[in-house]
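So you can see what is in the structure, the chains are spelled out below.
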Amino acid sequence: MNKIVFFATFAIVLFSGCEKFLEEDNKGGVTNEEFYRTEAGYQTLVAASYSTLRTVFRTVPWLYIAGTDMYNLSRGFAERPLMEYEQLYPDNGNVTTFYRNCYNAIQTINMGLYYNDLVEMDDNSRTELRAELVFLRALYHFFLIEQFGGVVINQEPTLEPRMNLPRVSLEESYAFVISEMEAALPDLGDNKTRVSQTAANHYLAKVYLTRAWDLEQPSDFERAKSYADAAIGGRGITIPFEQLWHPDNENNEEVIFAVQYDLESIASESDGNDQQGIFGPYLGGAELNHKYMNGSLFPSWNLHNFFTENDARYEATFMLTLYDQYFDYYDESKDKSQILIRAYYPRVWGREYTMADSLAWAADREHQIAGNFRHYPFKYDEEAYRAAFQLDMFMPVVKKFDSPATRQIFSQTASVRDIVLARLAETYFLYAEACIGLNDFATAAEYVQRVLDRPGNAKDGARLLPNEDIAAAGTQSEALDAYLIESAKEFVGEYLRWPELRRTKKLKEFCGRYNYDIKQIGVDRAFRGVDGQDKIYRPIPQDAIILNEAEIMQNPGYQN
Amino acid sequence: MSNKYLFLLLLMLYGGAMHAQTKQITGTVSDADGVPLAGASVMIRGSNRGTSTNEDGNFTLGIPASAETVLSVNMIGFRPQEVTVTDQQVLTIVLQVDDAALLDEAVAVGYGTVRRGDLTGSVGSVSSETLLGRGTTSAMAALQGAVAGVDISSNSVKPGGGFSIQIRGQNSMAAGDPLYVVDGVVTSNIDFLNPADIEKIDVLKDASSTAIYGSRGSSGVVIVKTKNAGAPGTPRTTITYDGYYGIRELARIPDFMDGREWVDFRTSAFYEFRDGQYVLPDRNVILQQSPLLESRLYEERYEDWLGLGTRSGQQQNHYLGIAGSTDKMAYNLGIGYQNEEGNFVSEDLNRYNIKLSIEHRTSDYFSTGASVNLIQGINNSGSQYGYRDILRMPPILYAYDDAGNLIAQPGIAASIQGQGNFTSSPNPLNEINSGTEEVRQYDVLGSIFAELRPIPGLSIRSTFLPRFNRTRTGRYYGVVPGTRNQDHAFQSNTESLEWTWDNVATYNRTFADAHNLNVSLIQSAYSTRFERIQAAANNLPYPSWWYNLFSGDFVSGSSTTAYSETALLSYAARANYDYKGKYFLTATVRYDGSSKLRDKWEAFPSAALAWRVSQEDFMQGSIFSDLKARFSIGFSGNNNGINAFGSQLTPETGSLVWYDFGGEVVSGFAPGRPVNPSITWERTRELNFGLDFGLFDNRLAGTVDLYDKLSDGLLMSRSLAVESGVPSMTDNIGSVNNRGIEVGLNSINIQTADFEWSTSFIFAHNKNSIRSLYGKKEDVPGESRFIGQPINVIYDYRIIGIWRMDQAAEAAEWGQQPGQAIAADIDGDGVISSANDRVVLGHENPDWTGSVTSNIRFKNWDFSFNIYTRQGSFVADAFLEEFGPHNNQRGRPKIRFDYYIPPGVDRYDWTSWGTYADGRPQATWGTSGAGNEDAQYPHMINKGPYYGNNGMYTDASFVKVRNIVLGYALPQKLISRWGMSQFRVYANVLNPFTFTDYQGWDPEYATTDLASGNGPSNITYQLGVNVRF
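Quick mapping for you: the protein sequence lines, in order, are chains P and V. Here the first sequence stands for residues 1 to 560, where the numbers follow this note's numbering. Here the second sequence stands for residues 561 to 1589, where the numbers follow this note's numbering.
A few of these clues could be false.
If you anchor each label on the Cβ, the simulated ranges turn out as follows [to be verified]:
hint	chain 1	residue 1	chain 2	residue 2	range
1	V	Pro841	P	Glu478	34 to 40 angstroms
2	P	Ser268	V	Ser724	28 to 34 angstroms
3	P	Ser270	V	Ser724	45 to 51 angstroms
4	P	Gly350	V	Ala1372	49 to 55 angstroms
5	P	Asp331	V	Tyr1476	31 to 37 angstroms
6	P	Asp229	V	Pro841	48 to 54 angstroms
7	V	Gly1222	P	Thr31	20 to 26 angstroms
8	V	Pro841	P	Asp364	35 to 41 angstroms
Since the hints were derived computationally from the structure, they do not count as laboratory data. Here the structure is a predicted model, which is why all the values come from computation and not from measurement. Glycine residues also receive a C-beta, built at the ideal position from the N, C-alpha and C atoms.
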């Protein structure tokens, strides 16, 4: 029986040590409290907040570009619902992803703001970082407003289950974004790779402009103008277009806000973004050493037609000659008059390209023409332009976003170029658009012209003029039509078009006029939802409606 | 105390008496047929003196001359017999084959064993013979269909592929793997064991059985006993050899489209709906204007890609064991080798194991022992991309050019002499040749114990059980034109050390010849420690596999380290009481503390009652040779749903987040998910009612169990409102019910000296249903979870047809087009909506499983087969996802299926051929005529908004003949001359037949994805031998 006593004693000894035995020692990890309260730890939380921009924009941001006048369905009919509206429903994966990404970003930022009060750091840095995060949070809410109308405002970190988050009115949504952005503005710095005062002014101009159209408040156009003016800050448009987009000229004078990328700041070689590969057909596999085109969207025939003969931006936007390897174009050591040419996309204005033109071009280049040479002159007939769209390489791809630094990596997400979200030319356009809203077409024309007057824009050295004279427009609608064609040319491939068409209430009209695929369906039919209303906003994702205990109203044109 | 001294005194007196005077006796032990039995033990009852029979079945033994001596004669497979020695000097002892051994079999119940006849809970047992008889390389495969209520499916056709297992249904939203206990060591699986080294597997199913494992037993417990030393006693030496060699052949290849059918399918997938009709916008894209492809189609000469990537596999298993004992010492040595070559080129598995086990009974008061099991497994799985891609190559592309060289990219314009790329995918054979993935796994299982028996009936045993595992995964893939411009190497090393320290005190006593009491007190500590480091590099200067990573360019994104640790502390007590072997009572309680939880401690009690009706007087003389009713209730627990450190609010330190501010690179950690501050144990309450019976002298024996399990406070991932910015978090919410019935029947149909035939049936049915979610009795459609439905349901629109062209107007009212799938308007509101018109179409868990095993012995021949079935499993099928209607990749092979073809569209006319200028045949275009508008599946790329994943749903029920064995045992008379007690040769066929409507490779692993081993099924033909000395 002594043994039993012994055993009992033994058990008691073990018991007393047991609480320690069950303590966790997370050697490789750290708790939020330990980490984010230190300045170093907090900075990583700020980095994570900025990094959310990569999550949202690193792969095709369908919601910004699909279903507009500027792009057609690709060979694989990728994302047909967003491209054509007809089959767009609340379960759409890309709409859901965008919606989720925005709110996930907001959560990260909310955590950043939560620890902003607790972190041990000097108060100047604390205030500036707070302003950056407050602005970013407001920006995400604005992104959501652009796509969905009134939104769910989330301004607290989720630390426990939250199931009831009501959607507020469009008015309230705007009021939140504006008050937050305006509150942040004075505390921001001037580093353009972060959120700067210029960026805040630019986006405030855009928010007011969008609200002016959405809520039909002319006074907002005035506010938009004054914020745009502040963002412009007296600066002119000075960088030639080709140089503006040159790979070595990132974060240049005209850039206002960009998602930053760098060869050193990606986790693996394919952790970059795909902006260089979105616009245009597949250029073949790794064997050809061209860039990896995911070929999601094809620039529309009408987009090509918006460009006039005198416009130097056409050559600066599209890669019209494909050398031996795609990125040889950027390689100074390669003699472009000697190396092989794999594809050529000639265009003559006002008529079809002829055999005679071909022979003339080839005359002194015979030694450069590769065995697998492709030759696709621009077709002046839209049907003819579309006819060959199943073929690889059949049209020129957009070159503005090329990333030759990673040319050896054959991956859709190989680009380490920054994704420019806002630049000075857009600020000018915002100002012009606000003027149109106020029916001041002359000033609008003047601001657009300042962008067109970019050095080198006119091939003949004279002045590049808009396709239609904005100042001479008879109605606001006509002025907008002219204005939107100019913005299409200036901003090819940038992530602006869909929100721009939506806020100016030109979405359906422009799709009906210029989008080949939607014309095939018939624009009314394409846009008409089951409830008989047009699908102008995006559908609130099915998941969001199902999981939210609050009653969430679906947008017109969609059925839960 | 007095008892102890009395015992000692008696022992001394007795021992003294033994040495007083002896006489010699001799005898022969034989079976009922008169065949002498070698190796039978003959012991003097109440002592540890004895001997064993020689090869002629004879023995000689000195016995006390004075006292009446009782000899106990034992031999495995025979009923023990006691013989009272009277005057005779020569004994003839005949042992009867043991059919009723069932009741005396020792069943592991965790920290001890009980006689099956005394069992109060529900425990299924599988013997070494059954496991060996299946001839599988894996213990799990051998266990399949062997125990009612244990549902095992293979996950992969790869050598060393894994299994999924469920015992009595899924009772946790997190995967509920049972607890595996190998010789007392808790392991995460039993895949590393050689089936030939396993002596027995016991599966604890009901809560009263699993309660002794408390928090860890809610998904059942699988207790594996390997061939260890055994108790010292009978002097003996046994040498065994079990081995087989087998060939694996591909079998049951699904019905794929041939070249022309496939081109038709591809054409259909280019049809576009424009202006109210389907058109083919561009004929040229179908074959990329390639006369070469047209010639192949004309001649119908296609590539057999599958054949190029596969081969005949083979497998072998050899296990040599030596076991011996003297009166104080027993040992067991084993050495094993397993080899399997898969059907895909370069897939193989080699496994070696060494086992040492020893036990020493120092005195009547003290024993000690230890065992070590060393295992090395080397598994090559080839390039997963290679196998995926080889199955994705269409039959009209060739792998080799005319000169016999591999074509780098069989589908590019140059290779097909066409105008454009058909596909730019690289040649998968290049990928297969480019590299492999090798997993090297080292396992060390050890145990050491000391047992003290201070007084009769009391034993105190302390066991320390460490387990060490190191797993190294190496990957190397070389440059492959068209897919990889630089080679890639990767290595991952994980190291884990787990240890268990069990201290068990057991007291066993019989009072007044009627009351048997057995009490155990258990204290157990368990600790795990895990580390991982992995690194990757690209662009190595020469192929150095994964052995010289830093000669290349370091890939930081694929390189990580990790650490985790967990601890569990437990106190348990169990009491078994029975009155005269008629009434049984078991009570168990376990108190567990887990390091992973905030609210760490929880108690898990249970109780069980059994009534051995057949022991009652009124039952004597009835047809029942055994009848026992059992009832148990108990609680068990689970904390599988949460990881180490899972209750801490932490940044996501496992994944670095990157950004830069104009080249100023920053990296950091996003905040992790929120945590419920009071996260605690899942608890499962289980009721079990069971009946064990034996009829006609146990010629027909069986077990029936009914159970009802209710698991509450489930640790599950709950989705939060999307706008919260947190997709999901782990919480104790929800409850799930499992109810079921299990039947096991064993029947000896014929039993004569020369001919025996026995059959066993197993049937199990389980109904899984969710009782509450997030603390409420409300459905959560966003997660496809519904009150009253099983956890794994398939929730989607119900497809009731395809819109035809003549219904275009009606289709338009629903916003749809001809060729699209029609969904049932469940709520009849005239609108199809995701909220109201999706329904539960089925569930993945089977309605029932069953198996039939039949053994026939005629003289020295034996014949057996095993049939297994799984019925009512409805799955989202990975095969159809890839090769069926789900996947709209029009460049990949497809099985023949009934798809929508619109009328009057361009389509090749294979009956008439034109001629090119150079004389080669030219395919000509015709039309689809009336099309195929009453198809089962919608238009490939215009399925419509409501088709969802319907293209991959299928019933995966099947009946499989698992194996058929024919064996021959050499006659005892012959082999006893060579000193053998058994020499049996056999032929075994594994998986010879499958009966199913399932269209893919194999219904058993329907949900495994292609890259993980969802490949062609196989049949294995084995020849084997069992030898025993």
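Handout entry: Which numbered hints fail
Key = Per hint list: 3, 4, 5, 7 violated.
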